[in-house]
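Make the full structure from the sequences, and use the hints.
Heads up: the sequence lines are chains A and B, in that order.
Sequential numbering from 136 applies to the first sequence in the working numbering.
Sequential numbering from 2 applies to the second sequence in the working numbering.
These are calculated hints, taken from the structure and not from any lab test.
Built from N, CA and C at the ideal position, the CB exists for glycine as well.
Please note: incorrect hints may appear among the correct ones.
Coverage of chain A stretches by chain B, computed from C-beta distances (three or more under 8 Å per stretch; other residues unrestricted) [unchecked claim]:
1. 283-291
2. 302-316
3. 324-330
4. 338-351
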Amino acid sequence: MNAWKVLLVLAAVAVLAAPSVWAQRRQRPRYDASAEITVKGTVEEVRERGPEGRTRTLLVVKTGDQTLNVSLGPSSFVADSKIKFAQGDEVEVTGAKVNFRGNEMLMARTVKKGDQTLTLRDKNGRPKWSQGRRRRGGGAARGRDRSSFTQLREEGFPLNLNPELVPAEEAPLADGDMVMGIVHNGQVRAYPVNYMNGPTNEVVNDMLGGTPVAASW
Amino acid sequence: MDHSGVVYVREFNGRAHDFGVVGVEQGTLIMYDQQTGSWWSQLVGEAVRGPMKGSKLAKLPSTMTTWGKWKQLHPDTTVYVKRSIPYNSRFTRETFARFVVGGDDGPVEAGDWVIAVEGHVAARAYPARRLAQVRVVNDTLEGAPILVFLSEDFASARVLHRSVGEKTLTFSLAENDYLKDAETGSLWDPMTGQALSGPLKGEHLQPLVSTYSLWFAWKKYRPDTVVFGEGE
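What follows is the structure, encoded as structure tokens:
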């Protein structure tokens, strides 16, 4: 990775991401895990709201003398689970109370019905239906899919010729730094990838063991 | 862009060619050569435009690893430096480890890191997060027994032929990131391919060219790639 590419990618990502971030902010309140409560009650009504094809499922749950709107999430996600909800079901809902467009409602994280549990969000409130598109598992960082990014300079960037080579003890590297190492025809070389930043440095034209090589990153 | 380190032989048509960068196309680096003006994919080394279009550069086996590990293995190494640019430790062992730690076993995704290997015809990819769970895979590529290894710190991946002469060996992890073969019990260093002790001491396993890449980039050039753990 290098600064040149990072900047270009960041610019592209910013342009692409901005409208969707806006849309999300406008549409959805955030899940506040610290405001989490658990309630038991009876389903009075199952509602589907929103534009066709993108409806969200809502349970109206009567708990004691209170009636609570419980937001589950996209109807498609709820329908994919094996659990069906209907009027009269006894449910136990864990979720965070939010104020959405002046109405109080409960954003559900889990809904229990009998011995079945529908899990809608993880412990941090991140929706299950958007996972898989984002980082998953125990925080594994994936590389970014940059397959839509193109930036070319027709005439090419200047060549990187006649590389300077030093013995190991003169290299200004830390032990944990990544290098690309190669042994060829008895010659041993390390190319520190931290030098291979930017379009004039990503390719090193070298000679190794009598062979003209191009080390690239 | 796709963090793929590759060393190419830049000699063809009987002479050396000088390579530079054109830019990034659909997330992958494109190189050019000064002498023919052809454009080349940096990931697979295939000419995508110009007089050399369709031809492929030869790759040499190289290894991504940490500087500490490399100089321990090869104290006699020479190092490329460029004094005109300030050196910083941007890309470290931790950068690599983050790619694989905590991964789950779901199907390979666009942003997944894979170790890709090409045979004469076939190609295989080993998702790093899947490899991290086992670290050693005894596999077969076009009938040839191969060994895929990921180091304990996840910074180094190696692909080697797992045969010595006529004998095929089956490897499992031993102490200190070494491997042991089931057939003779010899101890091997997968980073150099050398047997350190046991009946096969002094023997070598030959490296294959392998490429660390993001899956979206690799599959663009080799959509026929078989992914390890996802059936044949």
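Now the hints, each set against the structure:
no.: 1; hint: 283-291; result: holds (count 8)
no.: 2; hint: 302-316; result: holds (count 14)
no.: 3; hint: 324-330; result: holds (count 7)
no.: 4; hint: 338-351; result: holds (count 11)
Hint compliance for this structure: no hint is broken.
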